[in-house]
Structures are given as structure tokens and as C-alpha cells.
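Engineer: Residues per chain, in single letters:
Protein chains: 2
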Amino acid sequence: MQKIWIKETKNLVNKYVNLFGFVTNIRDHGKIIFIDLKDRSGIIQCVIDQNNNKFSQFKLLKPFSVIKVSGLIKDRPAHLANPHLETGKIELAIDNFDILSLSETLPFDLDGDGYDLDEALRLKFRYLDLRRDRLQKNLRRRHEFLLFLRNFLDAYGFIEIETPILTKSTPEGARDYVVPSRLYPGNFYALPQSPQQYKQLLMVSGIERYFQIARCFRDEDPRMDRQPEFTQLDIEMSYVTKEDILSFIEKMFVEAITNLYPHKKITKIPFPRLTYKEAIEIYGSDKPDLRINNNDNDELAFVFIVDFPMFEWDQKNNKWDAMHHPFTQPILPNGEYNKEEILKLLDKNPELLFSEQYDLVLNGFEIGGGSIRTTDKDILLKVFEVLGYNKDDIADKFKHLLEAFSFGVPPHGGIAPGIDRILMILENEKSIREVIAFPKTGEGRDYMMDAPSEISKEQLAELKIRIIN
Amino acid sequence: MQKIWIKETKNLVNKYVNLFGFVTNIRDHGKIIFIDLKDRSGIIQCVIDQNNNKFSQFKLLKPFSVIKVSGLIKDRPAHLANPHLETGKIELAIDNFDILSLSETLPFDLDGDGYDLDEALRLKFRYLDLRRDRLQKNLRRRHEFLLFLRNFLDAYGFIEIETPILTKSTPEGARDYVVPSRLYPGNFYALPQSPQQYKQLLMVSGIERYFQIARCFRDEDPRMDRQPEFTQLDIEMSYVTKEDILSFIEKMFVEAITNLYPHKKITKIPFPRLTYKEAIEIYGSDKPDLRINNNDNDELAFVFIVDFPMFEWDQKNNKWDAMHHPFTQPILPNGEYNKEEILKLLDKNPELLFSEQYDLVLNGFEIGGGSIRTTDKDILLKVFEVLGYNKDDIADKFKHLLEAFSFGVPPHGGIAPGIDRILMILENEKSIREVIAFPKTGEGRDYMMDAPSEISKEQLAELKIRIIN
Numbered sequence: 006m007q008k009i010w011i012k013e014t015k016n017l018v019n020k021y022v023n024l025f026g027f028v029t030n031i032r033d034h035g036k037i038i039f040i041d042l043k044d045r046s047g048i049i050q051c052v053i054d055q056n057n058n059k060f061s062q063f064k065l066l067k068p069f070s071v072i073k074v075s076g077l078i079k080d081r082p083a084h085l086a087n088p089h090l091e092t093g094k095i096e097l098a099i100d101n102f103d104i105l106s107l108s109e110t111l112p113f114d115l116d117g118d119g120y121d122l123d124e125a126l127r128l129k130f131r132y133l134d135l136r137r138d139r140l141q142k143n144l145r146r147r148h149e150f151l152l153f154l155r156n157f158l159d160a161y162g163f164i165e166i167e168t169p170i171l172t173k174s175t176p177e178g179a180r181d182y183v184v185p186s187r188l189y190p191g192n193f194y195a196l197p198q199s200p201q202q203y204k205q206l207l208m209v210s211g212i213e214r215y216f217q218i219a220r221c222f223r224d225e226d227p228r229m230d231r232q233p234e235f236t237q238l239d240i241e242m243s244y245v246t247k248e249d250i251l252s253f254i255e256k257m258f259v260e261a262i263t264n265l266y267p268h269k270k271i272t273k274i275p276f277p278r279l280t281y282k283e284a285i286e287i288y289g290s291d292k293p294d295l296r297i298n299n300n301d302n303d304e305l306a307f308v309f310i311v312d313f314p315m316f317e318w319d320q321k322n323n324k325w326d327a328m329h330h331p332f333t334q335p336i337l338p339n340g341e342y343n344k345e346e347i348l349k350l351l352d353k354n355p356e357l358l359f360s361e362q363y364d365l366v367l368n369g370f371e372i373g374g375g376s377i378r379t380t381d382k383d384i385l386l387k388v389f390e391v392l393g394y395n396k397d398d399i400a401d402k403f404k405h406l407l408e409a410f411s412f413g414v415p416p417h418g419g420i421a422p423g424i425d426r427i428l429m430i431l432e433n434e435k436s437i438r439e440v441i442a443f444p445k446t447g448e449g450r451d452y453m454m455d456a457p458s459e460i461s462k463e464q465l466a467e468l469k470i471r472i473i474n
Numbered sequence: 006m007q008k009i010w011i012k013e014t015k016n017l018v019n020k021y022v023n024l025f026g027f028v029t030n031i032r033d034h035g036k037i038i039f040i041d042l043k044d045r046s047g048i049i050q051c052v053i054d055q056n057n058n059k060f061s062q063f064k065l066l067k068p069f070s071v072i073k074v075s076g077l078i079k080d081r082p083a084h085l086a087n088p089h090l091e092t093g094k095i096e097l098a099i100d101n102f103d104i105l106s107l108s109e110t111l112p113f114d115l116d117g118d119g120y121d122l123d124e125a126l127r128l129k130f131r132y133l134d135l136r137r138d139r140l141q142k143n144l145r146r147r148h149e150f151l152l153f154l155r156n157f158l159d160a161y162g163f164i165e166i167e168t169p170i171l172t173k174s175t176p177e178g179a180r181d182y183v184v185p186s187r188l189y190p191g192n193f194y195a196l197p198q199s200p201q202q203y204k205q206l207l208m209v210s211g212i213e214r215y216f217q218i219a220r221c222f223r224d225e226d227p228r229m230d231r232q233p234e235f236t237q238l239d240i241e242m243s244y245v246t247k248e249d250i251l252s253f254i255e256k257m258f259v260e261a262i263t264n265l266y267p268h269k270k271i272t273k274i275p276f277p278r279l280t281y282k283e284a285i286e287i288y289g290s291d292k293p294d295l296r297i298n299n300n301d302n303d304e305l306a307f308v309f310i311v312d313f314p315m316f317e318w319d320q321k322n323n324k325w326d327a328m329h330h331p332f333t334q335p336i337l338p339n340g341e342y343n344k345e346e347i348l349k350l351l352d353k354n355p356e357l358l359f360s361e362q363y364d365l366v367l368n369g370f371e372i373g374g375g376s377i378r379t380t381d382k383d384i385l386l387k388v389f390e391v392l393g394y395n396k397d398d399i400a401d402k403f404k405h406l407l408e409a410f411s412f413g414v415p416p417h418g419g420i421a422p423g424i425d426r427i428l429m430i431l432e433n434e435k436s437i438r439e440v441i442a443f444p445k446t447g448e449g450r451d452y453m454m455d456a457p458s459e460i461s462k463e464q465l466a467e468l469k470i471r472i473i474n
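Chain order of the listed sequences is P and B. Numbering-wise (our numbering), the first sequence opens with residue 6 and increments by one. Numbering-wise (our numbering), the second sequence opens with residue 6 and increments by one.
FYI, nobody ran anything at the bench for these hints, they're computed from the structure. Predicted model only: the values in this text are computed from it and were never measured. Some hints here could point you the wrong way.
[Stated by the list, open to error] Partner residues are not named here, just some residues of chain B that face chain P (Cβ under 8 Å, in silico):
| no. | residue |
| --- | --- |
| 1 | 30 |
| 2 | 35 |
| 3 | 39 |
| 4 | 65 |
| 5 | 69 |
| 6 | 108 |
| 7 | 144 |
| 8 | 171 |
| 9 | 173 |
| 10 | 179 |
| 11 | 183 |
| 12 | 193 |
| 13 | 413 |
| 14 | 416 |
Cβ atoms here follow ideal geometry from the backbone N, Cα and C, with glycine treated the same way.
With the hints as constraints, model all of the structure from the sequences given.
Structural biologist: Right, dumping it as C-alpha cells:
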């Protein structure tokens, strides 16, 4: 690949080069035209004068036309240097050019940060909005952050394993998206709310240290900063204590931030711990913002919330809900594990049980939760009962997991930090949509692709489903 | 994380250690019991004798029970060393142990390679089959291979960008899986057959170098070695020629194999090129196996197939099909690009057109295809017409892409190597199912999770769909 990145031109004075990019900022002085040529790396001023035999053609260019230019990189006279530009001391004297693609007038301006524009319009033309410096940076940082996490986890013996997207409907707190099967009419796949069961099964497989940058899907009711699909760093490990997991995750985030966001200040290391009770009593929230200066975007206040109750009462449905999920290990009020005592409390006083759950909170946002898992079949079955599953439900939804636990299961636990939210905070954004390449609206609409949308009668017929009006 | 990997014990002679793992290979000599303790890294012999006060409890263990053992690592007498074991010169003298999980008898043996077992049974108990050394290695190598590709691409300025899984139904040659929308009854998302349109839109965004280890979905008819979802390394780049792409991809594979599979021999570097016509005429196939010794699994014969016809005649439906896809740049029979001439041939003799398509073939398998894309709206519209799309179809399915091309589009092209197939070949496997953690059958069934399966009446009602019997 021969292309020279534009930011490298500052080291190529007196060289004849070919450059490619978008034309921006055209300054037509009649007999001489200046443009800025922009690629992903930077901007360079290019100049052409009327002696060039294609000068009249150059006059046709509108901003965001794509061109190839050839010419000599020259030093600018010192008084014409632009100190705000990385390549401000040089310019390209256009010898030749090719117009690769003309541009019509864009539907909105790309110079500013774009926050004040109608977001529906920005989303419809997302591919244009992504030309904005701010969003280019957000995508690049997201890439760098995820690659850092992958290499970090690899260095500690973790293996990234892809788990299926077409899987089975299992209750995990939210609604599943489902996919009708054409080959098995009347049957459906479900998209995973998380790879929870797969990662636990991988522990049964003896993988010991698993991770995945995983796509998760939840069909929930519209909310401003919610997406139908989101990305989490899914982690599970065997033969570890809660303490092992928390200190490892802390180390991971501290190293990532030190390397990629060196200007950010972490309020307190080691990350403070608050019990759920303390958090509620002191801060009135289980996701307190512990920044010393609440308006400082470059301050990062991590805090682990621990010692959650195992269950919470669901007043609406008059039943117990799992505070985290059914797979979390319950523990006694004194913090100890004793199977017989736990089974007794599950029977009589589930409200007294705590659990091996932990949340990681950053600047007032829950950015991840996890737990040590129940690997004892008797306890897991009893938890399902407390939660109101009947025996058929349990057999249908969790048979494979319960069965798996009868063939030797290493004790295990994990955590699943939410990537979109973390990047939002690190990039000082107000919405996760600013750190996702192609987000949907809070109502799950994709204005760019126009999805969801109707499908053909033939498709419906093949799937053997009918729409009820 | 305090856990010691078992393979490290060979360097810990005379140290008192805690080890965790599966019990395998129990040899009960009455007064003394030998077991092998196995974790992801290796195996160590452990020994306990009747003087241990928990000896009778140890007798209860069955293979694949999970235990913690504590004791001293000792040198074995030289004549009792096992040269086949990495830790064969040492053993652990069990001082204490905890049974963490008992195991029932496994439904099949895990000692051999497992090829001769009933595959349905292996897939139902996939979490046990994955304990097999061969599959553990396949998962580890897959992780290493993908991480290598990510770091390689990062070093060349590529950015990994996640594109949506919930998107819009667009015709790309196969059937889409669709997802009914609860919030917009009667409307559907579609799962992407590939991120083709997103990656081209990212080129319009000025990303210039994009990649993604992407999940793709195709609802096709059953075939032995086909999966409803598969993984491809999706790559797209701006301002490149076909030659740039081919030589870059060659470099990537050569470096990956040199680093991760140093014992493999690449038949010929640079990879040979064959035109489609040559491949068919000489080898009777557009995916010829160019190994010198066809039975040598450690020989890797890459070949690029180039100069494909743009269209092929679909006899069944009496219409033209795109040999690659509609987004591929057509070129003239003499290999040149001339817009007016191309438009003429599209009108009158589409069969004479070639295209900027290329396939990468390895040992007789197509492992990836790609092309330089058409970024000229007039040509793209005409190609859609030749393929039989009417104006409404085009407006409905491709409006955003055609519109995008009117705002300045950098010329671009890409390629998408199929990860499952490549790993299959590199790991000398006969089926892609051996290199996928949780594969489905050729008919799209998941025997482990039991998917696809029925969903509840409430779910159907919420989605406002009905099943036609």
C-alpha cells in the first residue's frame, strides 16, 4: 500500500508525492486556489495556480470531493506558517490532480462537534457524521482500548472464544430477540442476552480463563441511552476467589488507563469498596459518584460495590427476583458458605441471604457486574424454585447446565464490563451513541438503513409465520 | 490469581504447592493411589497412601472429579520417570485435598481424538468434548491466530470497528435470518450476511483502513460443512489497487503462518496467480489444490484466482447473476476501466465484462474472496438493472449506499477470508465444526442447547406473529 499518510508529509519537504483525501476548506483567490486536503491522519494545505492547465477543472470542486494530488512538498514562508496545524510549516504545490469522486453539498456541517444538530439527521447520514474529527477519534480509541484489553488478557493466559449468536431462549431478566427457523417451522433461535451459560459451560470444559468481546441483545422498552445490541467484555475464570477477580479487574483498568489515557487521574487505587448497604445508606445509590470534583471529566472514580442481598422483592409481580442473576452464589449473612445452612435459608428466609455479587461503578455509572457462580446443583435448583420457576421450566431452560455440573465442574466466577458505557465515560461523551459506529435510536430504529422494516410475503411464507394486524 | 499452572510444577521441586484440576487416570493399588491431575496446561502425577487420614475419602473419586490438592513436589526415582509427560520426572505427594466437585461417569471417552464417536452425542455434550486435548488446542490456536491478525492489522493502521447485527434485509445472494420487532409490529430486523454495506459506508466516512472479525449469518439449505453463522476477517481499504490488496493479504498470511505454524511449508511465495479461465481449463476447478504432494497436511498451497467474468448466467431463473456481488467493479475485456465503454457493455453484452474480483484458494478450498468496488453510481445502478432489480427494489435496498456515493467516496476494495475454514486447514481438521467452540449441525441444530425450539404463546403475542400450521 503506497499511500502516504498526510501527517507524514511534514517530514517530506522537497519530495514529490502523491496524496489522496477529501477536499475541505476551499479558498478561491481567483488566480490561485488553496484547499485543505484531509485524510484520516491529518490535513495539508495544497495550492494550485492558474498556470496549471487543469486549473479550470479544479474550480469545479466542492468540499468533500475526493481527489488525488501530485506535487512537491515545500516549506511555507515563516510568516505564512499555521501553528494550529501539524503540517502548518509546509504545503503541497499541485502539479497534477485527478478527481476521484465529486461531492454534493452535505446535509450538515462537519466542522464543529455536532452536538447541537438534530440527532435524527445525524443518524440518517451516520456515514457522513463519522467523518467528524470527534467521532473518528472515538472509533480509533475504541479500537485501541479493545485491542489493549485483548493483549492484556492474553498475557494472563485468557483465551478469547466466540460463542453463538443463534442460540436458545433462556430467561435472564430481559426479553429475548428471537429468530424464526425456516428449516424447523414454528421453532425459533434466540439472540443471547449475554454468553452467561456458554461461559459457564466453558469452565466445565476446563478452559479456566475465558474472555470475549461479546455482542449482547435485549429487547427492552425504549429508553434514551439504551441500545438493542451492546458490547461487553465477558470474562470468566476458574479456581478464583471474589478477591482474585476484583484485584485482577482493577489491575486491568488501571493499566489500560495509564497506557491509553495517561492524562486521566484515577481518584483512588486500590479502588475503594463499599457494601451495598453502605452505598445506599451513605450515598442513597448503589452507583455513587465518588469523584472529588464532580465536574472533572478527567477524574475517574472507580468503586466496587459488594455484599449484595441475593434476592429483592418484586412488588409488581409479587415474587422474588435475583438481584444479579440465578447463577450467583448465595452466602450466609455472616459472609460464609455452608451448603446446609444456605439451603435452609433458601427454604425459609431467602431475604436474609447475601450473594457473591460485585458491581464496578465509575463516576456514578455501573460499568460492570459479576459474581462467583453457584456450582452446586442442589442450591441452583432451590434458587430457581425461589424465583418461581416450575420444574418444567427448569428442565427446559437449564437442563444442559445442571447436567453439565454433574460431570465435574471447577468453581468459577466472572465479570462483564460494558464497553459502550466505559468508552462513553473515557471519551467524555454524554451518550453511548457517540462511541458506537452505527447506533440505533433509543427506540431501536436505524434511520440510516431504515430498520426494522417490512419483509416480503415470500419471506414470511417461507418462515411459515403470519403477522397479526 | 494464585493458581499455579500444572506444567510449571516441573520447576518447583521440593516446594509445597496447592494445585487445582480434574482427576484423570486413577490407579488404585490398594494401599496407595496414583492419579493424574490435569489442568489446561498439563498433567502431573499425584500420589496418596493409606497413612493419609482422608485416604478413604480419596477412594470415592471418579475420573473428572475436580479437586484441590496440597503437598510437596518431589523428584521421582530415575527409573520411574515418564518420558512422555512434561512433568514426568516429578510427582506430587498429597498432604491434603478438597473435593470441589464429584463427577458421574462421562457419556464418552476423552482419551482419543474422538473422530470415531457419534457426532450427535459429541455435540450434545459439547462442553465435555471440549475437554479433549485436540479441541482445547484448536480453541487456543484459534485465539492465537485471531489475536495475531488483529495486532498485524493494527500495526498497518487498520481500525477494528463493530458493525450492527440487527440490521436490514438486503439481497446478497443468500437468505437472511430475520428478527421480528416487538416495538414495530410487522417489521423485522435482518442479521447481516456480511458487513459489506457497512464497510463500504465506513470508506465513505474516511476510515480508509477497516477490519472486523465479523459474525455473518446465512439461512441456507442444509449442507454437511455449513453453519448458520460463521466468522470472517472482514477487511476494506481506500485508495488501493487490486495489487495492493493481494500483496498485503499475502504478507499477512505468510507472517501469521511463519509465526504460529513454523512447521508448515508454504508451497510458493509469492502466491501464484491464475486467471479464472486458466484455473478452469488447466485444473477443471476455480479452487485448484496446488500442493506438490496432495496428502501432505503440512504443505500450504495458496493461489489467487483473478480475472473473473462479472456475470454468470443463472439457467434456473433465466437471469444474470453477479459472479461475486453487485458491488464489484466491472472492467473491460482488455482489463481496462472506461466508464462509457463499461456502460455500453452492461447494456448490450454483459457476458463480455470481467470484474476486479479475486479469490484466495488454499489446498483446494476457497478461503476468501474480495474485489475492488464500484463507486460510480451510474455503473452500480446499471449493474443492479442487469441483475434484474427493479427501480423500487433498488431504492428500497440500496438507497443509503447510492446516496452515500454522492457525497464524495474514496475508491476502495476489500477481502473477507473465512476464519473457520482457514483454521480447519491449519489444524488439519476435516470439518469446520472441529474449530468452532459450539457448532451447530449441518442442518442448523444445536443439540446442546436444544435450539431452535418453541417459544411461549406470550412471546408470540408480544411480537404479533402467528405460526401457520
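Engineer: None of the hints should be skipped; say for each whether it holds.
Structural biologist: How the hints compare with the structure:
At a threshold of 8 Å, the smallest CB-CB gap from residue 30 of chain B to chain P is about 14 Å, leaving the interface hint violated. Hint on residue 35 of chain B is violated. Least Cβ distance to chain P is approximately 25 Å, over the 8 Å limit. Interface hint status for residue 39 of chain B: violated, as the beta-carbon distance to the closest one in chain P is roughly 19 Å, over 8 Å. Because the smallest distance between the Cβ of residue 65 of chain B and any Cβ of chain P comes to about 13 Å, over 8 Å, the interface hint for this residue is violated.
Annotation: residue 69 of chain B was flagged as interfacial toward chain P, and the flag holds, the nearest CB pair being 4 Å apart, inside 8 Å. Hint on residue 108 of chain B holds. Least Cβ distance to chain P is approximately 4 Å, under the 8 Å limit. For residue 144 of chain B, the interface hint holds, since its Cβ comes within 8 Å of a Cβ in chain P; the closest pair sits about 6 Å apart. Because the beta carbon of residue 171 of chain B sits about 5 Å from the nearest beta carbon in chain P, less than 8 Å, this interface hint is met.
Proximity of residue 173 of chain B to chain P holds as hinted, the smallest CB-CB distance being about 4 Å (cut-off 8 Å). Violation of the interface hint for residue 179 of chain B is found here, the shortest Cβ-Cβ separation to chain P being roughly 12 Å, above the 8 Å cut-off. Hint status for residue 183 of chain B: holds, given a least beta-carbon distance of 6 Å to chain P, under 8 Å. The closest approach between the C-beta of residue 193 of chain B and any C-beta of chain P is roughly 5 Å, which is under the 8 Å cut-off, so the hint is satisfied.
For residue 413 of chain B, the suggested interface contact is upheld, since its CB lies about 4 Å from the closest CB of chain P, less than 8 Å. Satisfaction of the interface hint for residue 416 of chain B is found here, the shortest Cβ-Cβ separation to chain P being roughly 6 Å, below the 8 Å cut-off.
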